[in-house]
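Undergrad: Sequence:
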Amino acid sequence: MSTVSPQPAAAAGHEARRQVLYWRLLAGIFGDEPSPALESAGAAIVRDIGLPLVVLDRGVSIDNVVQRFPDLGPEFEQIDLAGSEPTDAPEPTDAPGAAGAPEPAADPETDTAATDSAEEPETVTAASDSVEPSETVKAATDSGSDSVVEVAGTVGARDVRTAALASKLLLNIFATGSGSVSADQLSGWQADASWLRRALGPEGCDSVRGVLAELESDLVGRMRLREVLADPRLAAQLTPSMSLIEQLLRDKHNLSGVALANAKALIRRYVDEVAQVLRTQVQQSSAGTVDRSVPPKRILRNLDTDRTIWKNLPNWNPEDQRLYVDRLYYKHSAKRTTPARMIVVVDQSGSMTDSMVNCTILASIFAGLPKVDVHLIAYDTRAIDLTPWVHDPFEVLLRTNLGGGNDGPVAMAMAQPKITDPRNTVLVWISDFYEFDRSQPLFQSMEAVYRSGVKLIPVGSVNSSNQQSVNPWFRERFKALGTPVISGRIQKLVDELKNFLD
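Numbering (my numbering), first residue to last: 15 to 516.
Take these hints with a grain of salt, some might be off.
Stated by the list, open to error - Below, computed lysine-lysine pairings styled on DSS-like, alpha-carbon distance capped at 30 Å:
hint : residue 1 : residue 2
1    : Lys311    : Lys432
2    : Lys506    : Lys493
3    : Lys345    : Lys432
4    : Lys325    : Lys345
5    : Lys385    : Lys432
6    : Lys385    : Lys345
7    : Lys345    : Lys506
8    : Lys506    : Lys432
9    : Lys266    : Lys278
10   : Lys385    : Lys506
11   : Lys345    : Lys311
12   : Lys311    : Lys325
FYI, nobody ran anything at the bench for these hints, they're computed from the structure.
Note that this is a predicted model, so its numbers are computed, not measured.
With the sequences and hints as input, model every part of the structure.
TA: Take a look at the structure:
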């Protein structure tokens with residue numbers, strides 16, 4: 015006969031073990047040194063639940079753990095940090111005769127056996143090998159022996175196991191320590207970040223995008239990049255990312271020989287990867303409005319069948335059941351015939367690296383489209399015309415100099431002579447718009463350009479982390495002008511440009 019209390023001792027033990035793992039997690043992220051007591055307790059818990067001790071070693075990447083223990087791969091894949099409903103999975107149990115598969119929980123609406131023992135709230139008595147569940151109690155019993163019974167909603171062995179694996183993932187990401195970083199460590203962290211993004215899901219991933227970008231930037235900054243680039247074997251282990259590309263662009267003038275060649279190869283890889291993504295977005299983006307001032311071509315592929323039938327319904331003859339068509343209607347399909355000019359002005363100060371990289375690549379994609387004349391200008395305290403290299407963003411990036419201040423009026427002075435047909439020109443200005451004493455002159459020149467008929471698109475943030483700020487003074491005035499600042503995902507800019515150019 016088995017006796018089960020609503021709060022079994024086993025559940026309380028699981029809760030205590032999970033709390034220890036969480037305290038170890040917090041100590042690892044926020045503490046300077048690991049706590050010997052928590053490390054010892056964590057090792058005991060991990061051994062007790064059947065996990066290898068390597069899950070406590072934050073120096074080992076998740077990919078490495080899964081490679082050594084393939085059975086853990088599905089468990090890491092199923093970690094859900096986004097708060098969605100848990101998947102149906104068998105609950106581990108400490109019952110000797112459970113054979114790893116507990117009895118299914120009874121439906122609380124049809125469970126009437128428990129009412130017979132309503133007067134005995136302290137215990138539930140089972141007269142057979144299996145316990146009739148009450149209040150969605152999950153039981154796994156063995157005839158003739160005491161059994162552990164877990165109540166739904168309490169902490170079980172699987173919860174402890176999940177806590178251990180989730181702690182491993184979070185420690186690998188957020189407990190990055192201090193000191194120098196090797197290429198292996200950076201590559202392992204980037205792989206672990208991919209595991210975290212999958213566990214968080216799309217919405218959760220967006221909320222930590224900026225934090226991950228800052229962590230990666232810190233790791234790249236602590237890496238002896240020049241030494242790594244000088245060694246082809248170590249350089250091959252690097253995975254291109256925005257943080258790494260920013261560091262390479264800042265340091266490119268101090269590189270030479272093998273190190274410079276490896277740096278260029280990494281930049282080229284990243285540019286190609288981003289270009290492929292942006293090219294797909296440009297292709298999938300909706301086209302602009304059709305020019306209805308041009309009469310439609312009277313060809314079969316332009317025939318508007320639905321409109322033709324609708325307009326000719328009065329000609330329906332019920333006697334012979336036929337619709338007599340006296341007029342055909344065609345769809346308008348005329349598009350722009352005059353080449354559009356797109357002028358892209360990019361702030362290359364240190365705060366705008368992400369935007370500069372993305373927008374130079376985007377400019378090269380639009381430069382490859384028919385009937386689009388693209389000009390590219392980069393500026394800090396000086397302006398440089400990069401139009402001759404606009405088709406190759408790799409060459410553009412190598413010619414930029416990150417850092418320094420802002421002088422927007424200098425860039426505007428270079429851009430204005432390129433505006434020859436205002437109503438057929440789009441000016442994309444990418445900046446955080448912190449111009450200080452030059453704010454008023456720059457806005458006045460932008461307002462004049464806009465009122466001349468130019469399509470003005472101010473862009474404050476086109477980056478991967480969504481952390482870029484925009485000068486509130488400019489933001490308010492652009493909004494009042496009717497050209498609000500585009501901030502956030504680059505898809506917004508793609509849609510705006512496609513609508514104008516098509």
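Undergrad: For every hint, state whether the structure bears it out.
TA: Okay, the hints, checked on the actual structure:
The hinted pair formed by Lys311 and Lys432 fails the criterion: a straight-line CA distance of about 35 Å is larger than 30 Å. For the hint pairing Lys506 with Lys493, the CA-to-CA distance comes to about 16 Å; that is within 30 Å, so the pair holds. Distance check on the hinted pair: Lys345 and Lys432 sit about 36 Å apart at the alpha-carbon level, beyond 30 Å; violated. About 14 Å separates the Cα atoms of Lys325 and Lys345, which keeps this hinted pair within 30 Å; it holds.
Taking the CA atoms of Lys385 and Lys432, the gap is near 16 Å; set against the 30 Å cutoff, the hint holds. Pair hint Lys385 plus Lys345 holds up; C-alpha atoms about 23 Å apart against a cutoff of 30 Å. Between Lys345 and Lys506 the CA atoms are separated by roughly 28 Å; this keeps the pair inside 30 Å, and the hint holds. A distance of roughly 25 Å separates the Cα atoms of Lys506 and Lys432; the hinted pair therefore holds under the 30 Å criterion.
Only pairs whose Cα atoms come within 30 Å are accepted, and Lys266 paired with Lys278 is accepted, the gap being roughly 9 Å. Distance restraint check for Lys385 and Lys506: the Cα-Cα separation of roughly 22 Å lies within the 30 Å cut-off, and the hinted pair is therefore satisfied. For the suggested pair Lys345 and Lys311, the alpha carbons sit about 8 Å apart, so the restraint of at most 30 Å is met. About 19 Å separates the Cα atoms of Lys311 and Lys325, which keeps this hinted pair within 30 Å; it holds.
Consistency with the previously given hints fails for numbers 1 and 3, ordered from lowest to highest.
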